[in-house]
Every structure is written in structure tokens, then in C-alpha cells.
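Engineer: Note that the protein sequences, when read in sequence, are chains A and B. Per my numbering, the very first residue in the first sequence carries number 1354; after that it's consecutive. Per my numbering, the very first residue in the second sequence carries number 2; after that it's consecutive.
Just so you know, these hints were derived from the structure itself, not from any lab. Treat the hints loosely; a few may be bogus.
Claimed, not checked - When the alpha-carbon atoms are kept at most 30 Å apart in a straight line, the in silico DSBU-like pairs for lysine-lysine are as follows:
hint, chain 1, residue 1, chain 2, residue 2
1, A, Lys1796, A, Lys1719
2, A, Lys1455, B, Lys118
3, A, Lys1505, B, Lys45
What the hints assert, rightly or not - Covered stretches of chain B (chain A as the covering partner; in silico rule of three or more C-beta atoms under 8 Å from a C-beta of chain A):
hint, region
4, 51-58
5, 81-91
What the hints assert, rightly or not - According to the in silico footprint, chain B covers these stretches of chain A (three or more CB under 8 Å from chain B):
hint, region
6, 1478-1492
7, 1511-1517
8, 1531-1542
9, 1583-1596
10, 1679-1687
We treat Cβ as the ideally placed atom computed from N, Cα and C, and that holds for glycine.
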Amino acid sequence: MNTSYAQLAHALQPEIILADGAVLVIAFDLIFGRHRPLATRLAASLALGALTLVAAFIASVFVGPIGGFYGESFVLDSFALATRGGVIVLALLTLGVAAGAKVMRNPAEYVALILFATTGFTLMAAANHLLIAFASLELASLSLYLLAGFDKDRRESAEAGLKYFLLGALATAFLLFGFSLIYGMTGELALPRIAAVLAQCGMSPLPALALVMVMVAFGFKAAAAPFHLWAPDAYEGAPTPSAALIASASKLAGFTLFTRLLWPGLGALAGDSSHALNPGGWITIVVLLAGASLLIGNLAALAQTNLRRLLAYSAIAHAGVMMLGVVTASLAGPGPLFYYLFTYGIATAGAFGVIAVLERNGGCQKITDLAGLSRRSPLLAGTLAIFILSLAGIPPLAGFFGKFTFFALMLRIGGIASPTGALTLLAIALSAVSLYYYLVVLKQALVEPFASEKPTRIHVPAATALTLLAATALIIGLGLCPSLLLTFF
Amino acid sequence: MSPFVSLPLALVCAADFLRVDLNSYLYLSALLFAIGFFGVLLRKNTLVIYMCLELMLVAATVALVAFSRYNGTMDGNVFVFFILTVAAAEVAVGLAIIVALFRRRQTIQVEELNALKN
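The whole structure should be built from the sequences, with the hints applied where relevant.
Structural biologist: So, in C-alpha cells, the structure goes:
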């Protein structure tokens, strides 16, 4: 076993930069920011945080795909590398959202926590060992719980943080128990060696129990029904930039981690998805989670009047589509899955960016608060339209291409008449349903007049405007040329 | 036989009789996990829910140590150290959130946490 610390330090340069940057942000604020106004301290922290993220991104490109290292405990293949870059880009978008959001007390700690969470995400992308997976997932999750409960002036924030924390910790306990059972069956913690042992012994009650435990944890972390109950509360109560990070980067990293755990690690227990009634294996559970999330997410979103809760239920519905992507990852590789997760993350983070600016200018809870947005700020209305249409899956935006690929791949598994084909038809039908609630949002933003006679203009901070425009450009560009990302795999 | 000889012998026999096999540890671990899980579902006080969560982590710890001994590798024992460390960090985060909540709401009963709704 090759365990060279020099190689480890070389390959984990982005993580080292991120953790150092987080400490630097706090130290800088402590030394220079003590008697300055909050807005100045926030701007300095955001600038330092953005510099750190850019440096980490360059370092991650510079390290490149080097395969497994440190005794196969980590792996840097193209999937891991793409996710690493992807979460760093999404964290940058989150900082842009934070620049336009309500200024909170302790801005430096907030930025530092975002950087720590990003460190956890990038490690999750590279984890190839149960211990690394657990430790990185917890680094990310603990930072996210704090980010959700960070706004001490609003009572909703603490409540959202507590609900997210309790259900997240429950998921962690399930995951750990599942991990301990996997370790007990195979005697190994590294995923390649677990796969080698599992290939020899088939399915029995103990692996089935371990699988159920791991899948419950996956459902919680991905906010898939029936484990989705924390998501609407967390999205509604958390500070807007935190909600953007929870919705975008945490999803990307979580799905990468679990896809790696399920396909290369537990692939021997996958079962046969084309087999009609008894696939036997975790594909059954993933398909059930996908169907439940699609149904509950899309139907419950129809009844929402709160914009953030609507985005949360839309996230649950999208988690269902992503689960289809996990099933098809064996057919087409992780490329389409990454494409979908990344473009979904950009669109959601962008939508939360618009909400953040509106919230600073008088609040944005109900969907009707969007009324007259096109008169008040054409920039916000235009970018929001692009994000929402991409979430709905309208061509030529990026959301359409991702969904289309998954559906085509699912139909290729077993044809229209099989259970997977039926699930695909359900997903297509529910996409049409989802169009309704997305268009309700757009109708408010683009068509409805402002409540009072004279609509007030909304001032958008330069950093946030730049972020929103960059996100829009990414959505349109990746939608027109998906191969820009897909050739990477 | 003199009592000086028979006492250690008796102890050895008792130890052999008391030797616990892997399954017993797993039953204990599953029991702890179930108690913790139902505690989380049924209790109303946030602090008690939180203690039940810790119990679930301990259940995983027991299983890991038992499996580590059974498999003859140290990996499970090392894993336990990480779980203990992470659980300590989780205490810090969890209690911080509970304190922040109590300051705003003067309650930690879950049924009174209903500010977030559609």
C-alpha cells in the first residue's frame, strides 16, 4: 500500500488552500475589522473568500486527474475533478449571493463557514474510503447546520437550523450503522476492496440491512421523499446564501459521494434493473425514492404560496430526477449526472440570488411579492426568468438537456413496457405538471403590475449583478453546447 | 485441591462461560440503535432527542469495535476514534443551535417549533 504524505499534500492542495483561507478570513477580520462598519467587514471577507476559492480552483486544475492515491483512500478521476471544480464555482456563486443579501452580524465567520463547507464538499468528491466519506460528509454537514442557523436576529433561522441539524444527525447515525455493517461483512473500509469482497458473496439479509441504512441516509441528505421533510423548513428559514449553498453545492457533492459509494463500491449489490418484478438490490430502493420524490415534490409544489418553499419542493422533485441519473450512471458514466447536478445548482443558486436582493429591499416571502419585478428591476426579472425556465426544463436552456438525457437513458434500460419505462413516463408527465408552478412564478414577476402606483427601483449590488449574469451565461452556454462539459469525461 | 489453585481455575472457567460471541454484541448494538431511533421519533424535548441521537452513534461504535475484533483488523477501532471526535464537534454545533433557539423562543419543545409553514 502506497501511503506517501508528499503525494497526499500535493493532491489535496485545494483543500489546504480552502482551510487556510477560512482561517485567514477570520484572522483578518479580527485584526483589521474590529472598529469598522459591518458592510466594510463583509466586503473584505467576501473578497478574501472569493480569492481563496479562485486559488483553490486553479490548484485543482493544476493537480489534474491523478487517479487513486494514499493507498486508494482517495481518488481523483474525471468525475471527482469535475465535482471539485463544480462545488468551488457554486460556492463562488454563493458568495455573490451573500454580497447582495441582508448584512448579518459576524460576516467573517459566515464566509469562513462557507469555505469550510466547501472543503468538505471537495473532500467528498475525492473520497474513496468509508472513513474519508464519513469525515468529509460531517465537515460539510456541520458547517451547513451552522450556516442555516446563522441569522440570530430572525427566529425562523434558528428553527430551520435545528430542524436541519436534528434530521441530518439522524441521517448520519443511519449512515454510520450502515457503514459498520458493511465493514463487518467485508472486513474492509476502502471502496475498491469492499467491491472485490462483495463480488464473491451475493445478497443476504445482512447486506440488505446495510443497504437500507445507507439508502435512508442518502434519502435524507439528498432531500428525496419520504425523507424530505426538513427541506422546505430549512429553505424557508435559513439565510438566503445558506439556502443557496444547501440547494446547490451540497447536492452536487452528496450525489457524487453516494454515486461513488453505490456504483464502484456496492455495485455487486445493485441488482438487475431491466428485470421486471424482482430486480433485487439497491436499484429497487433508488427507483422507489425517485418515484416518491417526483410525485410528492411536484404535487406539493402546486399548493405553495411561499417562494422559498416552492423552490424546496422543486428541489425534491429534481432529487427524483437525479435519482434516475444515479440508476443510469452505469450506462453512460457519471457525465450526464454531473451535468444535471451542476446546471441545476447554478439555476437554484441564481434564483436564491434574486430572492436575496429582493429580501434586502423589503422582503420576499410570498410568490405575490414578485409582482411588478420587471418594472422594478429588469435585470432581476430577466435572470430569474432564465433560471426558472431552466429549472422547468425548457429548451435550449441547460435544464432541458440534462432531463432529456436521463429520460432517454432510462428508456434504453428496459423499453417503455418495463417498470423503468413506466417511471420515465411518470417523470415526463410530472415535468408537464411542474411547468404550471414555475410559470406561476414567472407570471408574477413578468406580467403582474406592482401593488402601489409608483414602483420603486431596486438597486442591485455590482458583485451580485455580475454573479447573476455569469450564472445566466453558464445556463445558456451549457444548454447550447453541453459537450463543453461532457467531453471532459 | 487447595483453594489457592481452585480460585484461578474457577475464574478461567467463569471467563470461558461468560465469553461473549459476536452476535451478542450485534444484538446489543441493534437494541441501542432502536432505543435511540424511537427516542428521536417519540420524545418532545430537543435535548432528549439529541441524547437519543448520540445513543444511535454509540450503537454504531459498539458494532464497529465488535466487527473489528471479529475481522482481526484495526480499521474499525480507528474509525471509532473519528466517530468520537465528530460526535464531540456535533455536540458543539447542536448545543449552539439549541441555545440560539432558546434565546429567541424561550422554549426547546419541538411541538412549539411551528414558525415555518406555508
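Engineer: So, for every hint listed, does it hold in this structure?
Structural biologist: Here is what the structure says about each hint:
no.	hint	verdict
1	A/Lys1796 to A/Lys1719	14 Å, holds
2	A/Lys1455 to B/Lys118	22 Å, holds
3	A/Lys1505 to B/Lys45	23 Å, holds
4	51-58	holds (count 4)
5	81-91	holds (count 5)
6	1478-1492	holds (count 5)
7	1511-1517	holds (count 6)
8	1531-1542	holds (count 8)
9	1583-1596	holds (count 4)
10	1679-1687	violated (count 0)
Checked against the numbered hints given earlier, this structure breaks only hint 10.
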